[in-house]
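K.L.:
Sequence:
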Amino acid sequence: MKKEFTKRITMAGILSAICIVMTVTPLGFIPIGPIRATILHIPVIIAGIFGGYWVGGFVGLVFGIMSFLQAPTDPTFSPIWASGGVLTFVFIGITTLVPRVLIGLVSSLVYKSTEKISKKTSMIIFILIQIFAFLANLWQTVKNITSGEAYWVNILIAVAIVILNFIVMRSYNQYNMQAVFSSVMGTLTNTVLFIFLAYNLFKNQFAAAFSIDLETVKSIWITAGITNGTMELILAIVLVNYISLGLFAYQRNQ
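Numbering (the numbering used here), first residue to last: 1 to 254.
To be clear, the hints were calculated from the coordinates, so they are not data collected in a lab.
One or more hints might be untrue.
Pairs of lysine-lysine, DSSO-like flavour, derived with a Cα cap of 30 angstroms [stated by the list, open to error]:
1. K112 - K3
2. K2 - K112
3. K203 - K143
4. K2 - K116
5. K3 - K143
6. K143 - K218
7. K143 - K120
Remember, predicted model here, so these are calculated numbers, not experimental data.
With these hints in hand, go ahead and build the complete structure from the sequences.
P.N.:
Laid out in structure tokens, this is it:
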């Protein structure tokens with residue numbers, strides 16, 4: 001028991017350190033449009049899978065704290081932060097902390113709850129996930145084409161989905177499929193909840209800061225959520241898939 005506790009403490013420390021390094025370097029955030037796509041959720045997902053609820057939640061909390069500390073210079077929150085006000089800071093804290101903590105909790109829950117899913121069922125679920133991602137990307141592509149906006153990112157995402165299918169199928173086994181499901185749900189938890197909170201808590205401030213109407217604010221957030229969220233989802237599935245394969249192999253040799 002003591003050895004297991006020490007192992008989890010060590011894991012939490014290492015993955016938290018990785019989160020901090022990725023936050024203060026260009027490795028963790030990729031600027032795309034009005035918000036920044038992130039791969040900081042990946043250490044949190046790994047923490048949830050291999051460390052359980054509290055390790056995943058703790059690393060997610062570190063991710064959230066670092067995001068909050070970056071808010072004054074963040075393209076998304078800097079105009080809101082500049083407006084000041086205690087309630088504004090509280091809302092920014094909720095938006096940056098809650099989704100990140102839940103990444104680790106949800107990833108751990110999904111991993112534990114999919115242990116008994118059969119190979120056939122897991123394959124069907126993965127195919128449905130791909131279909132959903134493809135249709136969401138197709139909808140956004142058509143929307144961009146009809147409105148005259150750039151759609152090269154959407155084409156890139158479509159290619160990435162095909163490559164993703166090849167990568168996961170090639171390395172398929174029950175353990176890494178559980179990790180894939182965890183990465184999907186952990187990423188969606190972060191993306192959907194962050195977009196929901198940011199839009200509903202700050203839509204009026206965003207409209208005033210950028211001199212646009214609320215409908216435009218909504219459209220921007222939906223577009224960013226689909227485009228960035230899909231990219232983050234693909235990155236999470238690929239990276240968590242390979243990282244988990246290595247860690248599972250290491251565990252079996254212990």
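K.L.:
Identify every previously stated hint that the structure contradicts and give their numbers, smallest first.
P.N.:
Structure breaks hints 5, 7.
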